[in-house]
Amino acid sequence: MDWAGFIQIGLASATPLALAALGGLFSERSGIVNIALEGKMLFGALCAVLATYWTGDPWIGCGLAILGGIALATAHFINCQLFDADHVVSGAAINILALGLTGFIVFGVFTSKSSVQVATLPLFDLSNVAGIPLLGPLLDFVFTGMAPLFLFVLFAAAATSWLLRHTPFGLRVRACGEDPAVATARGVNVAGTRFLCLLVSGALAGLAGAQLALGDVGFFTERMSAGRGFIALAAVIFGRWRPLPVLAACLFFGFAEASAVRLKLWWQVMPDELALIIPFALTLAILLVSRGASGMPLSLGRKQEEIELHP
Amino acid sequence: MKDILRQLRSGPLIDSLIAVLLAAAVLSIVVAAIGHNPITVLSLFICGGVGDLESIYGTLMSSMPLIFSGLSLALAFRAGLFNIGGEGQLFVGGFAAALAGHYLNLGSMTVVLMMAVAAAAGFAWAMVPIAIRLYRGAHEVIGCIMMNYIAINLCLWLVRGPFRAEASTEKTPPIQPGGWWPTLDTVGATDFNAAFFISLIIAVLVYWMLFRLPFGFELRAAGANPGAAAASGINVRSTLILTFGLSGALAGLGGAAEVSGVFGSFYSQFSPGYGFDGITVALLGRNHPVGVVAAALLFGMMRNASKLLQFEAEISADIIFLFQGIVIIALLAARPIRRAVAARLAGRA
Amino acid sequence: MRLPETGLQPVAVMTGIHKRFGETEALCGVDFTAYSGSINAVIGENGAGKTTLMKVLFGLLHSDSGDVVVNSRRIAGSHSARRAIGLGIGMLQQHFSLVHSFSSLENIILGCEPVKGIQIDRRQARKKLEEILTELGGVVDLEKPIAGLSVSERQLVEIARMLFTGAEILIFDEPTATLAPQEIENLYRLLRRLADEGKTIILITHRLREVIKYADFVTVLRRGRVTAGFERKEMSEEHLIGAIVPEAAALLAKKGRELPHVDERADPVLELKGVDCTDLAGRTTLRGVSFSLRPGEILGIAGVTGSGQKELAEVVIGLHPPLSGSIILSGGEVNRMNARDRRKLGVVYIPEDRFADGVIPPFSLVLNRLLGDHRLPHFRRRGSYRLNLLREDVREKIGNYHIDAGDPDATLTSLSGGNQQKLMLARELDREPRLIVAHNPTRGLDVVAARRCYERLLELASQGDAVLLISTELEDLLSYAHRIAVLFAGKLIDAGASSELDARKIGLLMTRGSAA
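Protein chains in written order, with numbering that gives the first Met the number 0: chain A, 0 to 310; chain B, 0 to 348; chain C, 0 to 515.
Worth flagging that the hints you see were computed from the coordinates, not collected in a lab. Misleading hints may appear alongside valid ones.
[To be verified] Here are the simulated DSS-like pairs of lysine-lysine, each with C-alpha atoms no more than 30 Å apart in a straight line:
no. : chain 1 : residue 1 : chain 2 : residue 2
1   : B       : K306      : A       : K263
2   : A       : K302      : C       : K143
3   : A       : K302      : B       : K306
4   : C       : K504      : C       : K272
5   : A       : K302      : B       : K170
6   : C       : K212      : C       : K232
7   : C       : K143      : C       : K272
8   : C       : K343      : C       : K127
9   : C       : K343      : C       : K309
10  : C       : K343      : C       : K272
11  : B       : K306      : B       : K170
12  : A       : K302      : C       : K309
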């Protein structure tokens, strides 16, 4: 059993999930439900591939993916905060919009449902370091083959946790999510805070798409996010909206996906479609079994209109 | 009549109209940006949609699954629930209907049996998400999406494997002759099937249930204010469960209608996303059966014309999703904008 | 309004304030001045515009026109809560502005967090707060979540919060509505102290007796306009009532109905025996509650808010099954019976919060009236609803209950709050009930409408209906209930006949659970 390979696949699967989930967490802690992670991921993936196609540099691809995610997140913010729309409906609209945009653009640019192959993001390669006594081989073993964005995810999760608990900004974000009317009465700029959170959310979700497209395969194909955005959302719920547990949930799902791949290799007869079902069935099973969505920010998804009528 | 006039003057209808016009305008710009003439594209749409009798039949038949899907979402929305699982319920409903139609033969009642089986399948498939919502607190959307992926992949595997009809197709074996709704007319390559009228009848039934039956009142009350509904004696939980189940059943019926009216079997590509189209159809139709039928006709026309568009102008059919996304956002924007304008006018009065 | 002779400074001066919400004019050319070192009261009926006026001062609302001058500085149109706090204004809103899951510390520093670098400096905050709390003379565990604090503790946190932000002008919106009499006295003593230290206290209230006792200046608002202003020595109840509701004076002077006689030997309509109740989180909300209610009897339930009033109502209605004990309606045990079936037995419910439990705002008047009766064969014919019959019924109710409404098909939200409340009352009370569970039924009603509401309850009682009257207005309970019982931390303590009680005795039970 190739453990190193297994771990690598698991982490690689977990990385886009974790990026998207952290993005979702930011948005939801500030009170805005975000089911549009899927759409932002998909659009981010396309942006990443396009930018890499045009410039040849996958890091610029990441940059455009971030911008793409931010653009969609801004639309979501405008719907929810300015138009006081139902957050879930807005999220669905963004997903549909992303579906349409990506299908339309990929067909327009590449005249096919998939893009051409582009450069992928580099992985860490510390094989040179292996020469250094003691530390060398360890660093090589741990980091070689790892995606840089995975390291970024670890850092981001820790940073988010610290931010929410120990900074004024974090306190205000939490206040916006628990009781925006109170936050306003304290002089907190609820709209501004939520906007910042959505920017971060969009950036992370777009980056997740970049990782998805450029992390391994190096191309974009229609609907390639395949429900990962929703699994990320489920991870936010399992992790009770706290950064480190959410990260753990994403790792779990990532390794579940790796296991499905392993299972497929081992049990060759297993149909592709059934293997695809595994992550979704697993998510469903956990949702059915877990004790409930506690830890949810109290004012998550509440419309301003409703809050005004009924404080 | 007085009600219709009041409706016209008040918001909802105008919102929908403006949303469609706005989306059309934005789309014209997008289309122009990639080098096509918007007027040409628009005329292709109209031509492909209602240009001749064949297109009209095609549009009506394309609207049919959207009516079911739209009704499914509209019903759920009225109860404050979001049944985004229509696609999955459509698949299991269609698949179950196709199997029932092939293996069971009840003469001319076969088609009715198929509808019943599909409704049951859709109902059952909807139970998982609503149970998760009511007993575990997680939003039904997540459960629905999971069930969608499971349903689609499961049906694809079944139709490519154990239930495959012939080696090179992805269809189930054909249904019995009694499993078809009668064909009313055939022009060119398009059959106009009575299944379309079945969808209209279902729309009438949904209207009657929603606005004339106590259950419909309870459903709407539970959706508008669950606390007040409960205090007045309504069992909110069972109302929501039943509503969501009916919503799933309606989506399942859409699958059955496709099998009994168009394909004659379950075919892996039989839905270009009807379940998701239903979201926009319901929202545009203001969750009212009449509006749903109207919006379904509009999108049916688009779906039908999209083949022509892809062929003649090389524009991907996904442009319809783009249109839908813009329409929904425009609908969301319409209310506050209208409210702000009204307040400004009132202030001046 | 005459200028005071004692040389107090006008600290906040509002002139010509206009504010309109859609069709309604909430404030119409209002002038208001608050003086330093005093308790400035703003009184008036529900909906008179008091809260709106203060929200303008605090920056939560923008006036359409008019000037606001604070400490001789004119506030431009870009006012906001943030600016108000910066100018030294603090507001304690009617429904507390505290985040439930935060601790007291977090609640207080929210918006003005002391920092060390980019991190919150909790130690500094705690130090400053402990000083403030000692000065206020109260003790609060700063780390405990707010949800675990009592009402008066929460109020203390709110006051500490205002002082923490350096407020010199403190606005209190109905602070005593949820307090027991002794706690009210404590609060006013504190307010007096703060005023003597030079702070400006602005007090919104509808409790005239408190105003007469404690306020230095009074401004009276009626339907968005200032109708009078008084100084301490000019105040009396007649003057104030006359300024608030001129036509009420005559009505209120007229003596109301007598309490109907209760037949002691009749079988009780409602009995509770040893009822225990817990909430979803497992906390006990009712402990061993027992009482019986006879036909024609009005039992008043007093208690500090959060002592189990809502839970008591819901367990009687059938929204919440009891953990143990029994509920007996007209002789039969109904523990397992749901709300719908209890309604069929003649139980009606007037909830405290109509938006949460009583009405459906986006529905029409007709549909709101139908709620609860929507399964009655009487309103159905040939598979559909008899809408014209319902419209007639609504028009009748509009007349009988003096509801200001025209079209039965209009949306409920087109009615003012008071009229919505009246429609809800009409719907429930016209149902020929046997048991009426009323929780603060006069909420949102003006003095005249409130009187009419109680008259209707008395009328129904005299016909043999039983009334469970849960209320935070002790004066109403003393006037209209035969007997009063007090809820204290989930336990029900029988206080006795209302004729032998006064506010002080009830207050002791509310705060200490015993009469000593």
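Now the hints, each set against the structure:
1. K306/B x K263/A: Between K306/B and K263/A the Cα gap is close to 37 Å, so the pair fails against 30 Å, i.e. violated.
2. K302/A x K143/C: Holds, because 29 Å separates the two Cα atoms, which is no more than 30 Å.
3. K302/A x K306/B: 40 Å, violated
4. K504/C x K272/C: 25 Å, holds
5. K302/A x K170/B: Since the Cα atoms of K302/A and K170/B sit roughly 46 Å apart, the hinted pair is violated (cutoff 30 Å).
6. K212/C x K232/C: Answer holds: K212/C to K232/C is near 11 Å, not above 30 Å.
7. K143/C x K272/C: 35 Å, violated
8. K343/C x K127/C: 58 Å, violated
9. K343/C x K309/C: 21 Å, holds
10. K343/C x K272/C: 22 Å, holds
11. K306/B x K170/B: Holds - the C-alpha atoms of K170/B and K306/B are around 21 Å apart, at most 30 Å.
12. K302/A x K309/C: 25 Å, holds
In this structure, the hints that do not hold are numbers 1, 3, 5, 7, 8, in rising order.
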